[in-house]
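Residue numbers (the working numbering), protein chains in the order written: chain A, 1 to 393; chain B, 1 to 142; chain C, 1 to 311; chain D, 1 to 174.
Among the clues, some could well be false.
[Unchecked claim] Under the rule of at most 27 Å between Cα atoms (straight-line distance), these lysine-lysine pairs were calculated in the DSSO-like manner:
1. A/315 x D/47
2. A/182 x B/17
3. B/17 x C/33
4. B/94 x B/44
5. B/16 x A/176
6. B/70 x B/132
7. B/53 x A/315
8. D/36 x A/315
9. B/22 x C/33
10. A/176 x A/280
11. B/132 x A/182
Please keep in mind that the hints were generated in silico from the structure rather than gathered at the bench.
Residues per chain, in single letters:
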Amino acid sequence: MEAKVVPQKFIVPIGPQHPALKEPGHFEFTVEGEVITGATVRLGYVHRGIEKSTEDRNWVQNLYLLERICGICSHIHATAYVLGVEALAEVTAPPRAQAIRTLVCELERIHSHMLWLGVAAHEGGFDTLFMYSWRDRETVMDLLEGLSGNRVNYSVNVLGGVKIDVDEKQAASIRKGIDFLKERTTYYMKVVTTDETFLGRTRDVGTMSYDQADALAAVGPTARASGIPRDVRSDAPYAAYPQFPINVITAKGGDLAARFVVRINELFESYRLIHEILDKLPVGELTTRVPRRIPENEVISRVEAPRGELFYYLKSNGSEKPERIKVRTPSICNWATVMNFAVGLKLADMPMILAGIDPCFSCSDRTVVINRTNQSQVWSWEDLRQYGIKYYR
Amino acid sequence: MPIGVMLSDILASLFKKPVTEKYPYVRELVPERLRGELFWDPTKCTGCQLCVKDCPADALELIVLDKVNKRFVLRYNADKCIYCGQCVMNCRFKCLNMSNEQWELASTSREPFLVNYGRDEDVQFLLDRAAKAGSEGPCEKP
Amino acid sequence: MNLTIPPLIALLFFPGGIFLLGSGLLYEYVDRKLVAQFQNRIGPRWFQPLADILKLLAKEEVTPEGVNPQLFVALPVVALAAALTAALYVPMFGFQATFTFRGDLVVTLYLLSMMTLCIGLAGANSIDRFSIIGATRTLTQLFSYEAPFLLALLGPAIVASTWQIGDINQYAMTHTWLIVTQPIGFIVAVIGLMGKLELPPFDAPEAETEIVSGALTEYSGRGLALFRIGKDVELVIGLTLVVAFYLGGLGNPWVFLLKTLVLLLITAGLQSLFARLRIDQTVGMWWRIGALVALVQLLAVIIGLFIGRIF
Amino acid sequence: MDITESLQTAQDLLNQWTSGMSTPDISRLDVTLAPKDLKPAVRILQKAHWGYLSAITGLDHPPLPVLPDDKQLAKEGTVEMLYHFCEGAAILTLRVSVPYSRPVIPSICEILPYASLYEREGIEMFGVTFRGTPNTEHFVLPEDWPNGVYPLRKSFTGFNKPAQSPTNPGLKSA
Chain A
1 MEAKVVPQKF IVPIGPQHPA LKEPGHFEFT VEGEVITGAT VRLGYVHRGI EKSTEDRNWV
61 QNLYLLERIC GICSHIHATA YVLGVEALAE VTAPPRAQAI RTLVCELERI HSHMLWLGVA
121 AHEGGFDTLF MYSWRDRETV MDLLEGLSGN RVNYSVNVLG GVKIDVDEKQ AASIRKGIDF
181 LKERTTYYMK VVTTDETFLG RTRDVGTMSY DQADALAAVG PTARASGIPR DVRSDAPYAA
241 YPQFPINVIT AKGGDLAARF VVRINELFES YRLIHEILDK LPVGELTTRV PRRIPENEVI
301 SRVEAPRGEL FYYLKSNGSE KPERIKVRTP SICNWATVMN FAVGLKLADM PMILAGIDPC
361 FSCSDRTVVI NRTNQSQVWS WEDLRQYGIK YYR
Chain B
1 MPIGVMLSDI LASLFKKPVT EKYPYVRELV PERLRGELFW DPTKCTGCQL CVKDCPADAL
61 ELIVLDKVNK RFVLRYNADK CIYCGQCVMN CRFKCLNMSN EQWELASTSR EPFLVNYGRD
121 EDVQFLLDRA AKAGSEGPCE KP
Chain C
1 MNLTIPPLIA LLFFPGGIFL LGSGLLYEYV DRKLVAQFQN RIGPRWFQPL ADILKLLAKE
61 EVTPEGVNPQ LFVALPVVAL AAALTAALYV PMFGFQATFT FRGDLVVTLY LLSMMTLCIG
121 LAGANSIDRF SIIGATRTLT QLFSYEAPFL LALLGPAIVA STWQIGDINQ YAMTHTWLIV
181 TQPIGFIVAV IGLMGKLELP PFDAPEAETE IVSGALTEYS GRGLALFRIG KDVELVIGLT
241 LVVAFYLGGL GNPWVFLLKT LVLLLITAGL QSLFARLRID QTVGMWWRIG ALVALVQLLA
301 VIIGLFIGRI F
Chain D
1 MDITESLQTA QDLLNQWTSG MSTPDISRLD VTLAPKDLKP AVRILQKAHW GYLSAITGLD
61 HPPLPVLPDD KQLAKEGTVE MLYHFCEGAA ILTLRVSVPY SRPVIPSICE ILPYASLYER
121 EGIEMFGVTF RGTPNTEHFV LPEDWPNGVY PLRKSFTGFN KPAQSPTNPG LKSA
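Build out the structure end to end from the sequences listed, making use of the hints.
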């Protein structure tokens, strides 16, 4: 570190390692006193080269690779991918499979939004809300674990259907868990909308008007909090959403408080939808056959991840392996909104605003091929593997 | 101007048991569908290799000793395995399944992570062959 | 029951010195455990604060570049020394204060502020950006809560018409609890204490999600350990003062323990109840509300006394 | 607005620049443009409030391997950038293709500022130059990534030899 401070340009770095961010991203905020006058972002600390790696694996293997893009919204990545591949192969998964996919999507959305509620509260220094919301999130995690066998990376999807079935016992435990969560969510709604100290940190903070959100192409709850009814689930329904339509939740405020309200209201919407799916679960097969070689074509698959629109572009070349898979995650879209709104805000609000879009660094970072070690050599994957083997021997 | 809306909740917690799980002292029941260590039944396998082909982590290796007499050894690298269950799904003869009892797999050495499944004599044959070839042990790829 | 103890023992072992450090750690443990309980967690085990301190003491102390090394080393010592000195003027654990003179209340309050001042200086001494912002916030917060806190402790002093902590304690023991007669003063004093100790929701100066650890970011090993012990000692003294003034005084060790623990329960509850206040909100709250109500309380006390004297 | 209507509107807006058009499925419209027409096309979409830029996908078309007995001339490799615009369920894709020898596409950042991140990715991953893009710093790749190596081109298969990096020789002994 340099041994002097230049007074006119005081830069506060946040990240790549910083207690506010549990994931690596680097932000530099130029501040005057407590007020921010400039902001830049640098990502790429956790790039894993997934897009390139997909070209080396067959269609089935890629499902699990892509599911691991993000630990929080793993199922939705897999869903986007299988829907895309099924479209390429011109098959359709059976209705029961589609409904179960949708069910897990919604459970995942609940878990993601509860997680976000806790993280956002923690960024605002409200650790009690953080602990409570994560405690209650365990309910939905347990449901997912009971349903799929795993807390994260559920591997519910396979090409052409799903692996798991929902029996009556499962359905009953899900209904029970959801009813408990509904009661808790009502309570959290009361806390975030009425507690004066908390509102002091969220009201009129990071406000983004409808026009601004539109101009910056925000997606997901960030956009919906500014009043843009943009939701792939209703715009271009996929999986079982045509049979189980959702109501798009929006709020007018555009500030942090509105983002809380939108996400919590979406929780209620998810609860409703889960009940509906469980009540009207179609009967039938769980899988359909998908050929190993996918005919040459290209397809775009869009789904609504908990954080916003997830975009997959898949191109096949007639072989067992894809030609190109492009993943555009919702976090990428929303970065622009944060960087544009940081200026003029207080430093103390920044962690909450960063958390407000629910950023996912592992989602944003996914395309680099090669890792760099601290030895400043460029290492290939094989070198790294060898190094790892040597190291552990 | 309501402040301290969570008051009732925190007061209630004062008399509640903490929800923190006391693992490993107290073990909770694991769900029935939990995907733990992989097990293989050699009697049903036909050696179609479908499990190996689709394994996303290259954790499986089917060593064919005698295709006609169906002598196979499945080498399973538990440390590479991502426990996705695709192999179980792929197997048409139901010779693979994932245990919901064996899931505490952490170990301080590498040995427990390499498992050779098969008939005892086949595994022994494979180990002997590896020893004869003068390589360091079963860790080396043939 | 008011016992006296030889000064040297009081200074080194009991109630000052070793014993005070031990009880500081104990109170920190109780505080953390209570907050955990409020949040439905298990919380630390009883020796955790001690283990933290021992671990820190055993660790290498890194002197960062760009600081004044003498100041860097001296500040934690001064902070702890000030806190320990302050303890000598306070009737700890129900025993009479070791030293006492007219006006020791004022001295104690200043000694307690030394701690905050040292943390502020420690931050400003560093060139780390988080430290500097933390120092600015620490000192800003110091100026905001200090006046109301002082006013809140002034109320009991005025009704007891003495500046001696021991005498105020005596007065509190023999009269109606002052929490009844001066409720506003009590609230301001408790919240002021929380501000002084930088407990949530007044932990903006060390808000980990924004500025890592504030002014103490660059401290490690011994320095950090001393600052932490200092804070624990200050927690004990602060609780003692508020209890002695507002909760009917401190007769004997059991009364002391019971009353301070009850107060700790209240502060732990307040800690888990609120979101962290931004520094501008903290300052605004203290000057717009805190100082004003403390002043009103003080005026009421003075007018009450005046009227009382007339009739 | 339903899908066909949206796509019809887009088609009408872009008609003057279109050099190729297809509808791979009911909700999509692919429009092939010359690089120079990209900016006016995006501007007219933005003026008409037709959707938002959802993603920019890069596609690498390497030159086909020329067999010795093949008389055909080796075709140059191209990089194709796909600008996906979404409006409801309708997806409009603007396809712009540039040759390896001159991979220059005008930047659309002055029309859509948020395209910056996608363009930076394109620069790093495919070696396309976006003329006029405001920020060309590395977005996802490490700072000391060698120049001229574009990971998502098909020709890239990894580094085989550990290259010496000049930036931090001090740590080499570690």
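Hints, verified against the model:
| no. | hint | verdict |
| --- | --- | --- |
| 1 | A/315 x D/47 | violated (31 Å) |
| 2 | A/182 x B/17 | holds (22 Å) |
| 3 | B/17 x C/33 | holds (13 Å) |
| 4 | B/94 x B/44 | holds (8 Å) |
| 5 | B/16 x A/176 | holds (21 Å) |
| 6 | B/70 x B/132 | holds (23 Å) |
| 7 | B/53 x A/315 | holds (22 Å) |
| 8 | D/36 x A/315 | holds (26 Å) |
| 9 | B/22 x C/33 | holds (16 Å) |
| 10 | A/176 x A/280 | holds (17 Å) |
| 11 | B/132 x A/182 | violated (65 Å) |
Of the numbered hints stated above, those contradicted by the structure are hints 1 and 11, listed in ascending order.
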